[in-house]
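Novice: Construct the complete structure from the given sequences, taking the supplied hints into account.
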Amino acid sequence: MATPLRLCAVTFLNAWPLYQPLLERPPLDEDGEPLFSVEEALPSECARRLAAGECDVALVPVASYLEHPEWEVVPEVGIAARGAVQTVVVVSEVPLPEVTRIHLDAASRSSVLLLRTLLTTEGLEPELVPAPHGQGASRVRGTEAALVIGDAAFELPGRFAHHIDLGARWLALTGLPMVFAFWAARPGRLTEAHVRALHAARDRGIGQAEPLARRYCEQRLAAGLPAQDEAFYANYLRRTIRYRLDSWEREGLVEYIARSHELHLHDAGDVHVRFAAREHEGVAAARRARAPLRVDALLQRAAAGERLHLHEGIFLYEQADTLALGHAADQRRAALHPEGVVTYIIDRNVNYTNVCTARCKFCNFYVPPTRKLQEGYVHSKEVLAQKFRETEALGGVQILLQGGLNPDLRLEWYEDLFRWTKQNFSLRLHALSPTEIIHIAHLEDLSVAQVLQRLRAAGMDSLPGGGAEILHDEVRNRISPFKNTTDEWLEVMRQAHVLGMKTTCTMVFGFQETAEHTLVHLHRLRALQDEALARRRAHGEHHGQFTAFIVWPFQAEGTRLKLRDDTSPWRYLRVQALARLYLDNIPNLQVSWPTLGPEIGEVALRMGANDFGSVMIEENVVSQAGAHFMLTAEQIEHHIRAAGFSPRRRNMQYDWLPEAAQ
Amino acid sequence: MSPATDSARFRTVADKVRAGEPLAFDDGVFLYRYPDLLAVGALANEVRERLHGDRTYFNINFHINPTNVCEADCQFCSFARLQPGMPQAYTMSLDEIRGKLVERKDQPVTEIHIVSGLHGGVPWSWYTDTLRVLKELRPDIHLKAFTAVEIHFFAEKYGKSYAQALRELVDAGLGSLPGGGAEIFADRVRRKICRDKATAEQWLEVHRTAHRMGLRSNCTMLYGTVETLEERVDHMLRLRALQDETGGFQTFIPLAFHPDGNRLDKLPRPTGVDSLRTYAVGRLMLHNIPHIKAYWIMIGLDTAQIAQSFGVDDLDGTVQEEKIYHMAGADTPQVMTRTGLIRLIREAGRRAVERDTLYEVRWEDDGRPLPGIRVEASVPYSRHRKRVELSVL
Ligand code: SF4
Ligand code: SF4
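Residue numbers (my numbering), protein chains in the order written: chain F, 1 to 662; chain W, 1 to 393.
No lab work stands behind these hints: they were computed from the structure.
In this text, all values refer to a predicted model and were calculated from it rather than measured experimentally.
Check before you lean on any hint, since a few could be wrong.
What the hints assert, rightly or not - Reference listing, derived: stretches of chain F covered by chain W, where coverage requires no fewer than 3 residues with Cβ under 8 Å from a Cβ of chain W:
(1) 320 to 332
(2) 596 to 606
(3) 640 to 653
No residue lacks a Cβ here, since even glycine has one placed at the ideal position from N, Cα and C.
Specialist: This is the structure in structure tokens:
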């Protein structure tokens with residue numbers, strides 16, 4: 001029996017939806033013991049108690065995390081705002097540039113750091129002096145201002161000549177939301193059950209905005225304090241504050257930490273947040289079945305097309321000989337593609353912008369928004385037209401269009417670009433990975449489905465499966481904590497399939513992931529493809545699905561990830577062969593020769609793959625990290641023949657192109 | 001041939017291999033043509049593991065090419081300059097040769113590999129002295145020097161028998177013969193690509209003589225020029241016959257033709273599949289030659305890694321110590337660090353063994369963490385070992 005975690009929450013109204021449900025209906029563990037014992041304090045006090053070990057979990061200001069990178073953060077929950085937040089404000093009688101001193105009203109480190117970031121960006125240097133909680137506003141006079149946070153700020157609008165909402169300022173500066181606080185825990189304390197309970201509490205709390213607002217109102221009036229009406233508070237809880245830290249909030253989070261660092265306001269070097277990972281239920285269920293396993297029996301079964309269980313896949317990954325795996329995969333490939341044909345496509349990879357907010361550790365392509373003027377680019381139509389024309393001239397049929405998460409590019413920009421492409425070129429658009437779709441959806445405050453619909457109407461044909469890396473949050477949290485989660489990624493693909501779009505899926509290995517991570521990745525792709533195929537059976541072939549799977553090794557050169565994991569061709573071939581066996585419902589497997597070289601590509605064709613990928617006319621993201629292979633169509637055909645197959649050109653749908661067109 | 005008769009035939013060949021019977025010419029050609037590449041690889045791997053278990057050998061050596069002046073004019077050669085005085089032609093002085101070793105005096109080099117052009121404009125003593133100056137500096141170092149083509153040339157040029165020339169070189173410090181110059185034995189091919197150097201018979205005779213004197217040697221095959229698959233198998237069989245007679249070959253080294261900067265550069269490079277198949281067929285045909293070596297400089301590190309499952313048990317290429325590598329700051333495909341090589345071997349589930357020229361073991365990987373290999377991804381896939389846990393960052 002475990003003792004409950006001591007949890008310290010913030011008394012401010014905006015924290016109520018996160019912890020009041022814990023008080024009302026305390027979550028219990030399997031033995032019926034409470035998971036948490038709850039206490040309340042001011043934000044800075046919460047952080048102090050957590051640091052001092054006086055509690056195990058606390059709702060802490062984001063900035064306090066910078067001094068405690070060992071803390072573990074509960075994923076996908078926090079306190080954030082997209083624009084005006086109402087409860088982090090600077091009030092004064094003179095305009096901000098004339099302010100000489102700002103009283104910090106018991107303020108949290110986060111709000112102070114945010115204030116200093118905004119001031120420094122504008123070149124302002126007023127004196128900052130601490131003031132006790134509740135006293136800030138009373139010190140505003142002449143050129144002296146106050147930073148007021150929390151509930152006290154509700155009463156301020158209209159009282160001073162100048163009222164600056166820092167959430168709104170941040171949005172104006174960066175185009176991104178601001179994350180103020182999240183649940184952090186001392187390392188090793190959180191279990192799955194705790195994370196799930198905190199998520200459940202949040203979901204319940206969000207649904208209770210009105211009752212909570214009413215109770216808050218009543219409390220204030222009972223204490224003889226001024227109060228707004230219930231609807232005001234309910235609106236604050238329901239609309240102003242966002243309690244889900246999805247990838248958009250995480251983009252804001254990394255921007256905040258990175259920007260303030262670039263301004264030398266703190267010295268927490270590498271931007272990183274350690275999120276705790278949560279297991280997907282489907283995976284937990286798949287893990288259950290157990291039986292004694294034998295490599296050859298499993299391989300025989302898999303080669304014959306029988307489905308592998310998760311634990312069987314893991315077993316094969318760890319135990320099977322590479323050639324034996326490859327041999328079984330080759331048989332499987334022959335059964336799926338008996339024609340002895342290996343396809344390839346002529347397309348061009350165009351990276352339309354390199355400006356990106358996500359700052360993934362493994363990426364050496366992006367330029368953060370703060371340096372966009374120096375190093376960033378967004379391709380103009382002239383540049384794109386040139387590239388597209390060249391592609392057509394080389395017999396290309398498709399553009400693979402991907403880029404960074406650039407807040408300057410709105411949905412209309414993409415729609416316009418796609419329409420223009422369709423009007424002027426006869427190229428298919430294999431465009432925008434789920435990561436970009438999620439970014440655009442948040443930027444426009446639309447659903448993923450809406451964004452996909454509009455882009456599709458504008459000319460997008462299919463979706464590439466980039467940004468998947470390893471679809472397991474334990475790995476993602478380590479290498480790209482600010483990018484979309486596994487669930488978010490899969491959801492985009494689900495929506496795209498529902499809308500009738502075909503998509504591909506990918507994996508990048510070499511991030512020190514385990515066999516388990518690798519197989520869970522394959523497992524979740526297979527499960528989603530099952531859904532898609534069921535939909536097609538039930539509702540018709542116009543629904544989408546995954547067409548192909550592509551795996552390649554992580555290229556560490558020039559990135560911030562100083563990993564030395566095994567990214568050898570040997571491992572590549574193992575993963576690829578295993579993928580052919582495990583992904584029994586994804587028809588095509590593409591070789592990734594640009595990262596491995598055509599020689600290994602040939603071998604890969606004999607170990608499960610049936611597609612040689614693309615004549616890479618351009619591939620920035622990979623080539624920046626040191627892959628420099630280039631092949632012409634003739635060379636590709638030569639390598640395909642060397643492996644004993646006949647080459648054939650295809651389009652994205654994996655339809656063969658007529659011979660005459662070649 | 002139909003798929004069914006093919007796989008029946010493959011099983012017959014596999015049975016022969018398992019029974020230790022030598023394969024026939026037709027078997028070799030069949031293995032080259034059999035569509036199931038991995039089955040051929042797996043069979044070669046069986047032989048390789050029977051002979052060497054999970055060991056993959058490497059040694060630390062360096063090359064000296066004392067001159068690139070050559071009287072021959074091989075079509076595939078990008079090295080030779082025909083006349084002294086031609087642009088880029090060079091002939092080292094003895095001091096320069098000595099200097100090559102002095103440069104590396106802090107490295108644990110155990111072998112120097114010396115190969116030259118056929119330069120008749122220098123006295124015989126220049127060749128013997130080349131060995132002598134190196135031995136003076138490092139008496140313990142092994143000199144693997146002069147291909148059979150060079151020995152044949154010396155014999156003709158300086159009026160000696162093979163045995164005499166070899167004897168004088170041994171006296172000067174020669175330790176063994178490299179396997180170069182064999183190219184493809186078939187006359188048809190030799191006439192096309194290397195007509196003015198030692199014939200097949202002469203090449204074999206030099207090695208026969210050397211073996212009789214107690215010298216060890218290697219043998220090679222240049223593949224990917226104008227030869228047929230039949231001619232490759234024939235080449236292997238001639239090597240096998242001499243090995244039956246003398247037992248003096250240590251290692252068979254298939255050499256992939258490189259089309260850069262020579263007169264055959266219209267030809268494509270041998271493909272990855274061709275290289276792997278050649279290693280595998282070599283392993284299967286040459287049951288009596290202990291080692292099969294891949295030159296990763298020729299086929300690339302990636303293919304070399306995979307080749308370890310296609311019969312190869314020895315990886316060769318310039319291996320340098322970390323220090324020098326880091327000073328140079330370059331990740332050229334010409335140079336590999338020792339840990340880099342061990343890592344590559346470990347990743348393929350094998351155990352690295354550093355050897356000297358005569359395959360005496362100098363160091364053996366015990367799977368312990370090595371500087372520069374942060375993740376002991378080591379040996380997770382070998383059937384010979386248990387998985388080593390990854391340390392997660
Ligand atoms: S991988 Fe993509 S999302 Fe991540 S930083 Fe690079 S461009 Fe941005
Ligand atoms: S003998 Fe050797 S060095 Fe001379 S041309 Fe032929 S291959 Fe080149």
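Novice: For each hint, tell me whether it holds in the structure or not.
Specialist: Hint-by-hint comparison with the structure:
1. Requiring three or more residues with a Cβ within less than 8 Å of a Cβ of chain W, the coverage given for the region 320 to 332 of chain F holds, as 8 such residues are present.
2. Note: the region 596 to 606 of chain F has 9 residues with beta-carbon separation from chain W under 8 Å; the three-residue rule is met and the coverage holds.
3. Counting residues of the region 640 to 653 of chain F whose beta carbon lies closer than 8 Å to any beta carbon of chain W gives 3, which reaches the threshold of three, so the coverage claim holds.
Checked against the numbered hints given earlier, this structure breaks none of them.
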